[in-house]
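Asks: Here are the chains, one letter per residue:
2 protein chains.
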Amino acid sequence: MEKRAVVLSSGGLDSTTVMAIARREGFAIHSLSFDYGQRHRFEIDAARRVAAAYSAAAHVVLTIDLRQFGGSALTSDTPVPKPAGADGIGLGIPVTYVPARNTIFLSFALAWAETLQAGDIFIGVNAMDYSGYPDCRPEYLAAFQRMADLATRAGVEDRPIAIHAPLIRMTKAEIIRRGMELGVDFGLTHSCYDPSPTGVACGRCESCLLRRRGFREAGAADPIPYQIDTTA
Amino acid sequence: MEKRAVVLSSGGLDSTTVMAIARREGFAIHSLSFDYGQRHRFEIDAARRVAAAYSAAAHVVLTIDLRQFGGSALTSDTPVPKPAGADGIGLGIPVTYVPARNTIFLSFALAWAETLQAGDIFIGVNAMDYSGYPDCRPEYLAAFQRMADLATRAGVEDRPIAIHAPLIRMTKAEIIRRGMELGVDFGLTHSCYDPSPTGVACGRCESCLLRRRGFREAGAADPIPYQIDTTA
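Line by line, the protein sequences are chains A and B.
First residue of the first sequence? That's 3 in this note's numbering, and the numbers climb one at a time after it.
First residue of the second sequence? That's 3 in this note's numbering, and the numbers climb one at a time after it.
Worth double-checking, as some hints may not be accurate.
Said to hold, decoys possible - Short derived list, chain B residues pointing at chain A, Cβ under 7 Å: (1) Ile-66; (2) Met-149; (3) Val-202; (4) Ala-223.
Calculated from the structure, these hints are not laboratory results.
Even glycine gets a Cβ: it sits at the ideal position worked out from N, Cα and C.
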């Protein structure tokens, strides 16, 4: 039997590159996405396309209504911030922070991995370009791993479930280059926090700015369309 | 402003006693329950009654479909085991184990606490009567606390959210006595894994057996009805 991995997938370029890495390492992909009341629901469509592209053995989209808690621009009605330019990428914890989001996502991945008897979880977190999010840091992931080892039957029985974050210390440009080496079709991916009604990226939110800067630094063309002229 | 706590509530006697403890300590209760495809959906009705009894500032019931993962008697169609008698309470990890359940529940509690700017979470886990569940052990909770301190804006800003498990080292009889001291109406609570269609406890599943033994050892009468004669 092929070894199994649960891969957290947002349909973005980071998690898609991670899925390509897991596939290259020989894992059967069990893709896990969340519909958590985010504005950018097009990411779920992207996650489905990506799971299909990597012949995922399964793709589960869990609906969790974080809006019942309120508290973030990504899940409420406050406007998504638009920095003035590519240099306007914020410092500190951004207002788009969703409390405990990676903890919730990894917890579900852990539950599914244990059910599948999968020994591996892959997550596309990145401490370089998202240093404002506390739950994207290596020390956070190490603490989650220790907790997971104690939380699960697998951990207790000395078959701990390993959490892999292969992008954690990579820049966006390095991620894009690694994805290109692995043949990732970035045209399938979605990054924008505030797309048009038909899903076209705004080009101006923090996520679009990071993506555009990453492609520029990687010396590559971003295959997705934007609402604005990005060649200027 | 009254200090706020998130209290995980199953509508059972443990979490209800914990809610009474939190209320006695002066917290405004933010009760959090889950509809996770469990058989015992009557526990959600019980959790609503209990939240009302403790004048909860809010009661959120989150729906999460763990059945998409399969894997436990509590969320699938395999029969709930009925031990032969009160001495039949199992050793080892029971088949009613739900993978990563407390990790998922605590992760959502953490998200809500951070959104509310609440500094405290209460959970009714118990290592004495449920030693078969890895995620009911003190070392698990300590690891979750360390992870939570790194996961959240509150933790990063040195206002860590404290996770309290006041029952962790108590027997069921001790919990019942503590609840009685605090005036808990155990008639509001629901424990059975396999109730009748109208919600009457079976009296024979592991959860009923633990509850009945607890009341017997506490020298108290259990106010809820059972499908079987429990006076024999």
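Asks: Are there hints from earlier that the structure breaks, and if so, what are their numbers?
Replies: Structure breaks hints 3 and 4.
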